Every structure is written in structure tokens, then in C-alpha cells.
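S.K.: Each protein sequence line maps, in turn, to chains A and B.
Residue numbering for the first sequence follows our numbering, beginning at 84 and increasing consecutively.
Residue numbering for the second sequence follows our numbering, beginning at 104 and increasing consecutively.
A few of these clues could be false.
If you want the footprint, here are the derived chain B segments under chain A, 3+ residues with CB under 8 Å [said to hold, decoys possible]:
| no. | stretch |
| --- | --- |
| 1 | 194–202 |
| 2 | 220–231 |
| 3 | 278–292 |
| 4 | 342–352 |
One-sided excerpt, in silico: chain B residues whose CB lies under 7 Å from chain A [what the hints assert, rightly or not]:
| no. | residue |
| --- | --- |
| 5 | S315 |
| 6 | V318 |
| 7 | V322 |
| 8 | L327 |
| 9 | K333 |
| 10 | K338 |
| 11 | A361 |
| 12 | L362 |
Hints in this document: simulated from the structure, not taken from any laboratory.
Values in this document were obtained by computation on a predicted structure and should not be read as measured data.
Yeah, the Cβ is synthetic: ideal placement off N, Cα and C, and Gly gets one too.
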Amino acid sequence: MAGVLVVCELQNGKIKKASREALTIGRKIAEAAGGELAAFAAGSGAAGAAEEAGKFGAKTLYAVADAQLDVYTTEPYAAALKQVIDQAQPSVVLFGGTSNGRDLAPRIAARVNAGVASDVDRLEWTDGRLRARRPVYSGKAFATVDVVSTPAMATTRPNAFPPEETGAGAAEVVNVSYQPAESKSKLMETKTPEAGELSIAEADIIVSGGRGLKEAANFSYIRDLAHAINGAVGASRATVDAGWIDHQHQVGQTGRVVSPNLYIAAGISGAIQHLAGMSSSKHIVAINKDPEAPIFRVADLGVVGDLFQILPALTEEVKQAKSGH
Amino acid sequence: MNSVVCIAQVPDTESRIKIGADGRHIDEAGLKFIVSPYDEYALEEAIRLKEKSAGDVTVLSFGPDRVQQALRESLARGATKALHVKGNSGDADALGIAKVLAAAIKSVPHDVVFFGKQGVGTDNSLVGPMVAELLGYPQVNVITHMEVGEGKLTAHRELEGAEDVVEAALPAVVTAQKGLNEPRYASLKGIMGAKKIAIDVKSIADLGLDESDVVGQRVQTVSLALPPEKSGGRKIDGADAAAAAKEIVKYIREEAKAL
Chain A
84 MAGVLVVCEL
94 QNGKIKKASR
104 EALTIGRKIA
114 EAAGGELAAF
124 AAGSGAAGAA
134 EEAGKFGAKT
144 LYAVADAQLD
154 VYTTEPYAAA
164 LKQVIDQAQP
174 SVVLFGGTSN
184 GRDLAPRIAA
194 RVNAGVASDV
204 DRLEWTDGRL
214 RARRPVYSGK
224 AFATVDVVST
234 PAMATTRPNA
244 FPPEETGAGA
254 AEVVNVSYQP
264 AESKSKLMET
274 KTPEAGELSI
284 AEADIIVSGG
294 RGLKEAANFS
304 YIRDLAHAIN
314 GAVGASRATV
324 DAGWIDHQHQ
334 VGQTGRVVSP
344 NLYIAAGISG
354 AIQHLAGMSS
364 SKHIVAINKD
374 PEAPIFRVAD
384 LGVVGDLFQI
394 LPALTEEVKQ
404 AKSGH
Chain B
104 MNSVVCIAQV
114 PDTESRIKIG
124 ADGRHIDEAG
134 LKFIVSPYDE
144 YALEEAIRLK
154 EKSAGDVTVL
164 SFGPDRVQQA
174 LRESLARGAT
184 KALHVKGNSG
194 DADALGIAKV
204 LAAAIKSVPH
214 DVVFFGKQGV
224 GTDNSLVGPM
234 VAELLGYPQV
244 NVITHMEVGE
254 GKLTAHRELE
264 GAEDVVEAAL
274 PAVVTAQKGL
284 NEPRYASLKG
294 IMGAKKIAID
304 VKSIADLGLD
314 ESDVVGQRVQ
324 TVSLALPPEK
334 SGGRKIDGAD
344 AAAAAKEIVK
354 YIREEAKAL
């Protein structure tokens with residue numbers, strides 16, 4: 084067992100939460116397998132992640148410090164990661180399940196003939212194999228799979244592995260000099276149209292609205308509560324299809340599958356494809372005027388009533404609670 | 104401008120999933136199968152490209168005989184050719200599927216290779232980028248907008264709360280996200296016309312591949328299980344909105360510890 088390599092994404096020099104989660108489970112896999120945890124980071128400031136990577140259990144940080152890697156693009160990152168895989172010879176490579184992690188993992192896997200378990204919410208080392216559990220059919224079922232290739236790869240589902248620090252010191256930095264690769268694509272610009280708005284992908288709290296809102300303008304009820312509680316705005320497929328809100332907000336089988344700590348559903352009856360996308364949330368509150376709505380079957384706390392009365396009262400109550408009353 | 108659209112056939116998203124007798128596959132009895140929803144956006148974009156600049160739209164699917172239904176539906180919507188690679192896709196890992204599709208794509212003229220961003224059901228989101236790698240093409244993943252120019256395409260790639268605008272040289276692989284376009288329905292004329300198009304059928308061996316590199320490799324399913332049935336929690340009457348709001352905040356604070 085040579086060890087576990089976790090591909091870390093940096094943002095302003097810090098390791099992103101999804102990568103810290105991957106480091107946390109990566110450390111446990113390494114311990115079980117009797118190997119060491121190593122981290123990969125790329126970009127000019129890559130070596131600066133050594134202290135943080137060490138805190139999460141990494142003994143080594145492979146830093147590919149090159150300005151060509153300051154922003155993520157597929158082919159240069161795949162080339163840099165291939166160099167590190169060749170050097171470190173890991174048995175397991177893990178990625179946080181972010182947009183970039185999910186872009187890079189299949190690309191590098193095809194390059195080294197590795198199997199990948201996507202979007203896993205459990206991971207263990209059993210009988211010398213990487214065993215993963217992953218939701219399929221958007222959570223209507225769970226598949227347990229063994230990744231039997233070397234290396235074995237997986238992308239971790241955001242929020243599934245709470246980050247744990249070990250208190251260890253900085254990881255030892257191994258500088259890897261980037262051998263520039265041909266790239267047939269280039270990044271022209273990054274647009275951030277919804278600056279300040281939280282994405283449902285990684286949010287701890289999501290407040291979602293459905294057809295019960297009656298019209299697009301009434302998403303303000305959802306936004307007000309989301310703002311007060313510092314959560315992201317989610318939506319049912321019906322509201323997205325009706326054009327009330329952008330698809331980025333859609334929770335469900337043809338939207339995002341989410342598992343936040345707290346999910347508040349208002350005016351959502353709970354179509355099977357919506358339930359599939361949110362029922363693994365840790366705490367679920369549902370507000371609906373129909374006591375028979377299927378959403379109540381998955382809710383930990385169900386409130387039968389008028390969302391137009393309850394949401395403003397709840398927003399007010401949350402603001403009070405936040406201000407310490 | 105020629106396109107290939109890779110189509111996955113999946114259980115209808117409204118289906119209830121049952122586990123098959125072997126405990127490793129779903130029970131397909133009585134299941135309705137559809138074209139994976141994201142593949143519909145991919146197909147629509149390819150058809151629009153053909154309408155602008157002529158060329159062929161080849162729909163390609165790897166799987167058992169039932170996938171021909173998905174190919175027929177795609178022809179009815181406006182694809183011009185169809186290729187079915189017969190095989191046990193259910194026991195192939197994503198890279199096995201990608202190897203089959205990459206080999207099949209090489210046999211068909213193409214400038215753009217389209218996928219849905221994921222096959223709804225298996226939810227891997229792996230095959231598109233794997234095919235790009237195997238063919239040595241650039242990839243733009245999870246796109247919400249795309250324009251094709253001379254020898255290149257420009258596409259918007261969805262990120263967490265942002266998007267990248269990426270330019271890629273042709274041939275290229277893109278994977279479609281909802282919002283890319285509004286897929287059309289098949290017209291009666293399209294349905295009739297589709298019946299006249301023969302679906303080309305190939306085996307894995309016809310593509311020069313060994314089945315042993317496709318099926319049962321790299322990732323193996325140990326078991327498939329349904330999630331534990333949730334019993335449903337407490338239900339309260341919300342007629343008094345203020346009281347209900349207090350009750351919810353109490354729950355959020357004490358149980359979810361989120362306040």
C-alpha cells in the first residue's frame with residue numbers, strides 16, 4: 084500500500100471545504116490500509132497549503148507551483164496530476180466532488196486506466212480494496228462498489244465527510260516542476276453573475292420553494308428566509324420549468340442532489356424526483372397546506388399550514404434568534 | 104459540421120426503483136425506459152447545429168436491444184443516423200463504456216461529440232470526459248451555452264455559483280446541462296421519417312475491442328440496496344403562524360443546531 088493522494092483545490096491560498104472533507108476520509112483510508120496520506124496542490128501558491136494540508140493529516144504535499152496552473156483548466160491540471168501520480172504511485176486518489184473535481188477525475192482516470200466511484204458518501208478500505216457507497220437513481224437506491232484498479236479513484240459527495248483536524252504539523256513539501264502540456268482549450272473568462280448568492284451544491288442550509296408559491300415574485304418569501312438564516316435558495320422542478328427561477332437552484336433528480344444539514348421545503352408537495360434529490364438531508368422541515376403531501380413522509384418536522392403566513396413569521400423569528408433573543 | 108450524440112437509456116425519472124433478485128442490479132420488469140433527460144439537451148443542440156450548417160447528427164448508444172427504442176426516438180426528433188453497439192453495458196464501468204463509445208465515435212464523421220452531463224440513474228458524470236481523454240480531444244463539461252465557429256467552439260461551463268467561458272478546438276467533447284436549450288418534441292413527420300432509417304448495429308468485437316476490458320473491470324458492484332424507509336417525523340398544525348414559527352426555530356436550534 085503506497086498511500087492515498089488527495090487532490091486539493093485552493094481558493095485564495097486556502098484548501099476548499101470539499102478538499103478538506105476528502106483529506107479527512109483520505110486519512111482514515113490511509114490509516115486502515117497502513118499507508119500515508121499525501122496531498123496534491125497546483126498553482127503559484129501551491130506550497131503555501133502545506134500547513135493546512137498537514138493539519139488534516141497529510142504527511143506530504145506535492146506542490147506543482149506554476150502560474151499556468153493558477154486557474155483550473157482541464158488539460159494542464161490533468162498533466163500536472165499525471166506527473167504527481169507517476170512520482171507518488173498512490174494506491175488511492177480522491178477528489179472533492181466540486182465542478183472541477185468532477186471534471187478532472189474522469190479525465191485522469193482514463194489516462195491511467197483507473198476506475199472511479201463518483202459522488203460517494205461512504206468510503207472504507209476492506210480486504211485490500213477501496214469500497215465505496217454511492218447514491219444511484221438520485222438516492223432512490225444505494226450501490227456499494229469496489230474499485231479494484233490501481234490506483235483506485237473516487238470523488239466525495241460534499242457534506243458527507245465532516246472535516247476533522249488532527250493537530251499535526253505542516254506537511255513536507257515536495258516540489259514538482261510542471262512539464263507544460265499541450266492544451267486544446269483555453270479559459271476566456273470566469274463570470275460570477277450571482278455574486279453573493281450561495282450555491283446549493285455545498286450549502287449547509289437550503290430553503291426551497293415549490294409550486295405552492297403560486298408565482299415567480301413570491302420566491303421573495305424563500306429568499307428572505309434564506310438570507311436571514313444564511314442558507315442557499317433551492318427550488319422544485321415545477322418552478323424551474325415554469326421559468327420562475329434559474330436551473331442552478333433546482334433540487335432533484337434532474338437538478339442537484341443535495342444533503343445539507345438543514346433543508347426547509349415550503350410549498351413543495353414532494354414528487355418522487357424531488358424527494359430523491361433531498362431526502363438524505365440531515366434535518367428536514369416541510370411546510371405545506373396539504374396534510375397528505377408526500378414531502379411529510381421524509382420531513383422530521385412537518386408544519387401543515389399557509390406558507391404565506393408561516394414564512395414571514397419564521398423569517399422574523401430567525402432574525403430574532405440570530406440577534407441573541 | 105457533423106455531430107455524434109451519445110445517448111444513455113435510463114428508467115423514467117418518475118419510476119419506483121426495485122432491486123433485482125441478484126441484489127446487484129435493478130429489477131427492469133415493468134420499468135419504462137426513456138432517453139436520459141440531459142441527453143435531450145445534447146441532442147437538441149446537435150440538431151440545431153445541423154440546421155445551421157448542414158452535416159449529420161449520429162446518435163450512438165451502447166447497451167442491450169432495448170436501447171434501439173431510444174435511438175428511434177432520437178431519429179424522430181431530427182438525428183440523421185443511428186449506431187447501436189450491442190453489449191452488457193449494465194456490468195461495464197464508466198471507463199469500459201467510454202472505451203466502447205470512443206471506438207465507435209472514430210468510425211463516424213464528427214466535429215462535435217455531445218453527451219448529457221450525466222446519465223440519470225447511474226449518476227456517474229464520468230463517461231463524457233473519459234471519451235474526450237481517450238480521443239485526445241478537449242472537453243467542456245456541464246455547459247449552459249454554446250457557439251460553434253471556424254475550427255472551434257465556445258461554451259459556458261457551469262461552476263458553483265459562477266461559470267467559465269471556455270474556447271475549445273474542434274473536434275471537441277461537450278456535456279449538456281439543463282438550460283442549454285429547450286428540446287423539441289418529435290413531429291409526426293419526424294416519427295414517420297425515422298422509421299425509414301436503418302440503425303447500424305455493431306458488436307464490441309466489431310470495434311476491435313476485447314469485452315474483457317469493458318465488462319467487470321475496475322469498478323465492480325457489490326450490492327444495490329434501497330434506502331431505509333423514513334417514517335416521517337412530527338407533524339404540527341400551522342394555523343397559528345407565530346406559534347408554528349417558534350416551534351420551527353426551536354427545532355432548528357435544538358435538533359439541527361443551525362442557529
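S.K.: For each hint, tell me whether it holds in the structure or not.
M.R.: Each hint, compared with the structure:
Only residues whose C-beta sits within less than 8 Å of a C-beta in chain A count toward coverage, and the stretch 194–202 of chain B has 4 of them, enough to reach three; the restraint holds. Here the stretch 220–231 of chain B counts 9 residues with a CB under 8 Å from a CB of chain A, which clears the bar of 3, and the coverage holds. By the rule of at least three residues with a Cβ nearer than 8 Å to a Cβ of chain A, the coverage given for the stretch 278–292 of chain B holds, with 3 such residues. With 9 residues having a Cβ less than 8 Å from any Cβ of chain A, the stretch 342–352 of chain B passes the three-residue criterion, so the hint holds.
Interface hint status for S315/B: violated, as the beta-carbon distance to the closest one in chain A is roughly 13 Å, over 7 Å. Because the closest C-beta pair between V318/B and chain A is about 13 Å apart, greater than 7 Å, the hint is violated. Because the beta carbon of V322/B sits about 4 Å from the nearest beta carbon in chain A, less than 7 Å, this interface hint is met. Hint status for L327/B: holds, given a least beta-carbon distance of 5 Å to chain A, under 7 Å.
At its closest, the beta carbon of K333/B sits 5 Å from a beta carbon of chain A; the interface hint therefore holds under the 7 Å criterion. With its C-beta approaching chain A no nearer than about 4 Å, K338/B sits inside the 7 Å limit, and its interface hint holds. Because the closest C-beta pair between A361/B and chain A is about 5 Å apart, less than 7 Å, the hint holds. For L362/B, the shortest C-beta to C-beta distance to chain A is roughly 5 Å, which falls under 7 Å, so the interface hint holds.
The structure fails to meet hints 5, 6 from the earlier list, while all remaining hints are met.
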